[in-house]
Amino acid sequence: MAASRLTPVLSLASMLALWVVAAGLTNDAQILPTPWQLLPLFAQEFASGDLLTHLGATLVRVLWAFTLAMSLGTVLGLIMGRSTATNRWLDPWLVIFLNLPALVLIVLCYLWIGLTEAAAITAVTLNKVPNVAVVIREGARALDPDLDAMAKVYRMSWWTRQRHVVFPQLAPFVAAAARSGVAVIWKIVLVVEFLGRSSGVGFQIHLHFQLFDVAMVLVYAFAFIGVMLTVEWLLLQPAERRSRRWRTA
Amino acid sequence: MISVDITSKSFDGMPVLGPISFRIAPGETLALVGPSGIGKSTLLRILAGIDPEFEGRVQRPGALSMVFQEPTLLPWRSVLHNLLIPHPELRPDAARTMLARVGIDGKETLFPGQLSLGQQRRLSLARAFACAPKMLIMDEPFVSLDPETAETMLRLTEALISEHHPATLFVTHDLREADRLASRVLTLKSTPSGAVLGP
Ligand SMILES: Nc1ncnc2c1ncn2[C@@H]1O[C@H](COP(=O)(O)OP(=O)(O)OP(=O)(O)O)[C@@H](O)[C@H]1O
Ligand SMILES: [Mg+2]
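Sequence order for the protein chains is A and B.
For the first sequence, counting from 1, position 60 maps to 59 in numbering that gives the first Met the number 0; every step adds exactly one.
For the second sequence, counting from 1, position 115 maps to 114 in numbering that gives the first Met the number 0; every step adds exactly one.
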């Protein structure tokens, strides 16, 4: 037990060691700085307020795109899962959007809408909606018709039905879509910022890429990875565990 | 008075039920028998209002309950909430009394998955009687239970029916069960244009 819990720690430590060795061999802080060379830079960006400003800008975009993609994808998935006729119509669209490279959607959104906040969020949302719809469609197809009949016989109100009958059945699917959604969305947001925004972690990476400043690219990358892992551990995983509680009771 | 006048019911052009007419007086209990696959469940679903796609007319009271072949509980809600969610007007202490009446008191906070199959059936029965139904529909409520549990459930159902006097229609394969509970037995027999009531 103790050994298996220790493994990820050891694994991360060996990665850190590999980094230190590589930095030693490179012996050029311009190309690969050591971990401790990043710390003062991190402190400096934090103190100046830049780090928080840009992290905040990116997080707001992630939040917007996530909320929009989850709501649109859920509605679309529910409709497609419950109506075969609609599904036959919309399925080819879904297949095309699923196979459209993220970069193409982003460039087209910027070209058609302009280099605006709306275009950035639209691009990220459109990238994620099809995946959410596919997962929720599976959930809608798995809804138990017997429970549906029971809800009808006992004349449950629409809201009661959604809350106590439909949503608990969809919850594992919503949780799965949310987790893979966040993982993909924050990466696409960085690309969108890289290409056409003047704030956010992606913009900062673009700036320091042009200055060939590897250290600052790493500082912003690690800061954001840290934030997203915290979101995953503190919000998404506990929410998923709660939605499964009745199974393990 | 409950009146059923179905002219026809089909699935994808395949006739399942032909012309079927009968009445159920308040407090009367009817059994419905017939070979497997003839359309008994289909008839019950029409009566219960679950399946609105048929030709004909059905008159039934609003206060209607159904006991399904499977317990059909909400596995993610507690035993108590499985009574309160379908019956929002039910007071929690009345719900507890009902749970005690069917012999599963003290289990309010458990999830249905933590009950035995027999206990889940009791809960399903409690849900059906919790709000004094004017009409009760049961689809093979005692099937796939061991003989002893089936007998206990049958007695409990008998007692609850005689307390609340709903008009009852239930499907069974067991003619002794039909004789014990019902004052009349309806038999479905097949014809080319779907099942009708036989002798
Ligand atoms: N949703 C459906 N779509 C298509 N056909 C159906 C559907 N439901 C039932 N049927 C058909 O209707 C006929 C009657 O089915 P039903 O379930 O009412 O039979 P039953 O008398 O209840 O049988 P059992 O005693 O085995 O429960 C069967 O031939 C069945 O295949
Ligand atoms: Mg049946």
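No lab work stands behind these hints, which were simulated from the structure alone.
Cβ atoms here follow ideal geometry from the backbone N, Cα and C, with glycine treated the same way.
Some hints here could point you the wrong way.
Stretch by stretch, here's where chain B covers chain A in the computed footprint (C-beta under 8 angstroms, at least three residues) [claimed, not checked]:
| # | segment |
| --- | --- |
| 1 | 137–148 |
| 2 | 162–172 |
| 3 | 215–225 |
Covered by chain A, per the in silico footprint, the following chain B stretches (three or more residues, Cβ under 8 angstroms) [stated by the list, open to error]:
| # | segment |
| --- | --- |
| 4 | 7–17 |
| 5 | 28–42 |
| 6 | 139–150 |
| 7 | 171–177 |
Which chain B residues stay away from chain A? Per the calculated CB distances, all over 12 angstroms, these [as the list claims (entries may be wrong)]:
| # | residue |
| --- | --- |
| 8 | F53 |
| 9 | V66 |
| 10 | S77 |
| 11 | D104 |
| 12 | P111 |
| 13 | G117 |
| 14 | A127 |
| 15 | H164 |
| 16 | S192 |
| 17 | P198 |
ask   = Which hints from the list above does the structure break, by number from lowest to highest?
value = 3, 4, 5, 6, 7, 9, 10, 12 and 14
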